[in-house]
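Colleague: Residue numbers (this note's numbering), protein chains in the order written: chain A, 1 to 246; chain B, 1 to 246; chain C, 1 to 246.
Just so you know, these hints were derived from the structure itself, not from any lab. Heads up, a few of these hints could be off.
Identical copies go unnamed one by one, so any copy, or any two together, can satisfy a pair.
Only pairs whose alpha carbons sit at most 27 Å apart, straight line, appear in this in silico DSS-like list of lysine-lysine [unchecked claim]:
1) Lys10 x Lys20
2) Lys189 x Lys211
3) Lys211 x Lys169
4) Lys80 x Lys214
5) Lys214 x Lys169
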Amino acid sequence: MTGDLPTAAKAADILERVRKARPRVHCLMNTVVQKFTADGITVVGGIPSMTTSPEEIESFVAKADALTVNLGTLDAERRKVIRLAIEIASASGKPWIVDPVHVDYSPSRLAFARELIALSPTIVRGNRAEMSLVGDVPNAVRIETGPVDHLRDAIRSVRIVNGHAWMAKVTGTGCLSGGVIAAFMAVEKDALTAAASALAVTGVSAELAAKQSKGPGTFEAAFLDALSAISGDDIVNHARIEHEQG
Amino acid sequence: MTGDLPTAAKAADILERVRKARPRVHCLMNTVVQKFTADGITVVGGIPSMTTSPEEIESFVAKADALTVNLGTLDAERRKVIRLAIEIASASGKPWIVDPVHVDYSPSRLAFARELIALSPTIVRGNRAEMSLVGDVPNAVRIETGPVDHLRDAIRSVRIVNGHAWMAKVTGTGCLSGGVIAAFMAVEKDALTAAASALAVTGVSAELAAKQSKGPGTFEAAFLDALSAISGDDIVNHARIEHEQG
Amino acid sequence: MTGDLPTAAKAADILERVRKARPRVHCLMNTVVQKFTADGITVVGGIPSMTTSPEEIESFVAKADALTVNLGTLDAERRKVIRLAIEIASASGKPWIVDPVHVDYSPSRLAFARELIALSPTIVRGNRAEMSLVGDVPNAVRIETGPVDHLRDAIRSVRIVNGHAWMAKVTGTGCLSGGVIAAFMAVEKDALTAAASALAVTGVSAELAAKQSKGPGTFEAAFLDALSAISGDDIVNHARIEHEQG
């Protein structure tokens with residue numbers, strides 16, 4: 001199976017394809033980090049859109065190459081729009097990712113996350129507290145992000161040992177990574193490889209950015225600079241994609 | 001007609017008047033870039049407000065000197081508020097600008113943009129894809145922004161050849177320019193001259209900012225610095241306002 | 001009473017306690033500055049949350065240690081959620097702060113602010129225009145922020161003479177300070193001392209940040225850096241907490 005495992009070289013190749021193909025990513029994104037996520041998708045080469053209007057969602061998802069569903073700032077209206085967007089994406093075979101933000105705060109949100117997971121997302125990504133509640137996601141790539149990111153699907157298990165502590169001090173780096181993963185899925189059908197590559201690219205970018213920064217505020221700007229400028233060599237030299245024993 | 005054409009000297013003068021008069025600009029702005037737009041209006045000298053609440057919009061528009069209507073993240077509630085805000089602005093003769101964001105994604109949004117344009121906005125501003133769908137806007141100043149900005153009204157045609165490629169990598173620079181144009185319209189009745197001046201000021205600021213930046217993330221911060229600090233000499237020395245042959 | 005007055009040493013101590021305790025702050029925050037406020041709370045050591053959904057607010061406030069109620073971008077839905085959140089916070093004795101943003105723009109918002117103030121918030125904070133309309137707040141700490149911040153409760157009166165002019169050029173510094181005050185209230189029961197300490201910490205951070213900045217854009221990033229890195233010595237050396245004669 002080694003041939004099918006993600007590598008730094010594949011990550012560099014997928015980023016290059018994102019930059020050329022300029023995939024459209026529609027984001028049902030919490031209101032807090034819409035701009036930061038849009039900026040992240042843009043600087044890696046994608047084209048973000050963000051509407052959550054029920055009368056427009058169909059047109060926007062129809063134009064998109066991938067969909068990100070983030071459960072932050074969830075309300076009744078947004079639940080309806082999310083269901084509709086997933087229906088459209090699924091019907092046309094577009095990849096989609098669910099980010100079960102703060103399901104550890106709200107039982108009703110956890111129930112909604114489970115409802116969505118039953119609809120077979122391509123990927124589910126959360127932090128440790130969130131993913132421990134979500135549990136197994138049999139038909140999806142499961143990602144738990146943190147100081148080390150853990151990814152697995154039915155047969156493979158991978159970890160990404162890149163990143164920087166300041167990522168946890170900038171609101172929305174996890175949400176942004178959901179958008180970048182979607183852009184990578186849009187050009188790479190192997191979802192585990194796409195996601196591992198996206199997380200390696202964001203993690204290495206964070207490491208490069210931290211060297212240019214004095215704290216979390218200047219880090220945020222430098223992180224976008226690094227995501228924009230990161231080269232294939234940077235990825236090959238710094239990515240730490242490790243394959244776990246099954 | 002040369003005397004009525006925008007010039008760098010006029011742009012410098014209008015910016016100075018914005019800084020002195022501190023015009024209030026109410027923005028019906030998409031949720032993605034509300035803060036970035038508010039920051040842009042503030043650093044050029046205006047006072048932004050952003051509410052989209054139907055029960056408060058009348059008070060806010062009544063206090064404003066100009067209105068920006070941005071069609072991003074549009075929903076049914078926002079359509080109602082936009083109609084109400086335009087009615088109040090029109091009744092009191094306040095200038096207003098429409099930004100038909102992403103009408104190329106959504107037929108219902110395009111129809112709504114056309115409804116608003118029939119209400120005689122002072123200015124309509126979009127990118128090439130958006131403005132090609134919008135078509136002619138007989139009673140308004142028509143602006144198509146891009147690497148070169150094209151402005152025209154019934155008798156004049158002007159282009160602004162300032163700016164920097166990183167503007168396209170920062171979500172919301174176009175939306176922000178809509179807010180800055182509104183601030184300039186609030187102090188200058190000739191809408192084409194106000195808009196050309198605003199776009200020259202933002203374009204030159206972007207050029208100055210790019211020299212202080214390492215990528216789109218640091219550029220965003222430097223752009224706000226430059227918009228805040230730009231001098232009349234900067235404008236006169238760098239603005240490229242060209243008059244097209246009729 | 002001197003022993004009960006806020007001092008720089010107490011401010012340094014309270015910040016240290018925030019960093020250790022990592023209090024959760026739920027924010028009913030205007031949509032414009034949600035991320036900036038969340039970043040501010042995070043870098044001082046707190047954990048922010050931001051939902052305004054009526055079906056989730058109870059769970060989020062139940063998990064929080066303090067509540068910030070900001071009246072920007074107010075609509076009917078948000079009024080309901082605010083009332084609900086305050087009821088839950090009050091019932092469990094959690095401290096909460098009201099920020100009557102732009103009550104000088106909207107009579108209906110001013111009436112709502114008065115309704116909330118009658119519910120006995122721990123603190124009310126606004127700028128001069130806002131607080132002059134709000135008037136006295138008998139059972140709360142009253143804060144009027146500006147170039148100099150004025151704080152008073154039933155028996156004490158304090159002013160903070162820290163800060164930098166660029167704070168007024170960055171949208172949301174006042175809103176952010178409301179979030180930081182909440183984090184400080186979560187670990188310090190004396191609300192006037194908590195608030196004076198939070199404002200001294202943000203004010204000194206702004207002064208340190210301005211030295212690293214070229215304008216309001218780079219200042220915003222440097223301000224978050226400074227809030228993250230500020231030391232007890234920085235506070236003791238630079239905080240200007242003055243006690244007014246009663």
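Colleague: For Lys10 vs Lys20, is the C-alpha pair at or below 27 Å within one copy, between two copies, both, or neither?
Modeller: Within one copy, since 15 Å is at most 27 Å while 42 Å is not.
Colleague: Measure nothing new, just compare the shortest in-copy and cross-copy C-alpha distances for Lys214 and Lys169 to 27 Å and report within, between, both or neither.
Modeller: Both: 13 Å inside a chain and 22 Å across chains, each within 27 Å.
Colleague: Given a CA cutoff of 27 Å, do Lys211 and Lys169 count as a within-copy pair, a between-copy pair, both, or neither?
Modeller: Classified as both: same-chain Cα gap 16 Å, cross-chain 22 Å, threshold 27 Å.
Colleague: First find the shortest C-alpha distance between Lys189 and Lys211 inside one copy, then the shortest across copies, and answer within, between, both or neither for a cut-off of 27 Å.
Modeller: Intra 33 Å, inter 40 Å, cutoff 27 Å: neither.
Colleague: Can you give me the call for Lys80 and Lys214, within, between, both or neither, at a CA distance of at most 27 Å?
Modeller: neither (42 Å within a copy, 41 Å between copies)
The earlier numbered hints that this structure contradicts are 2, 4.
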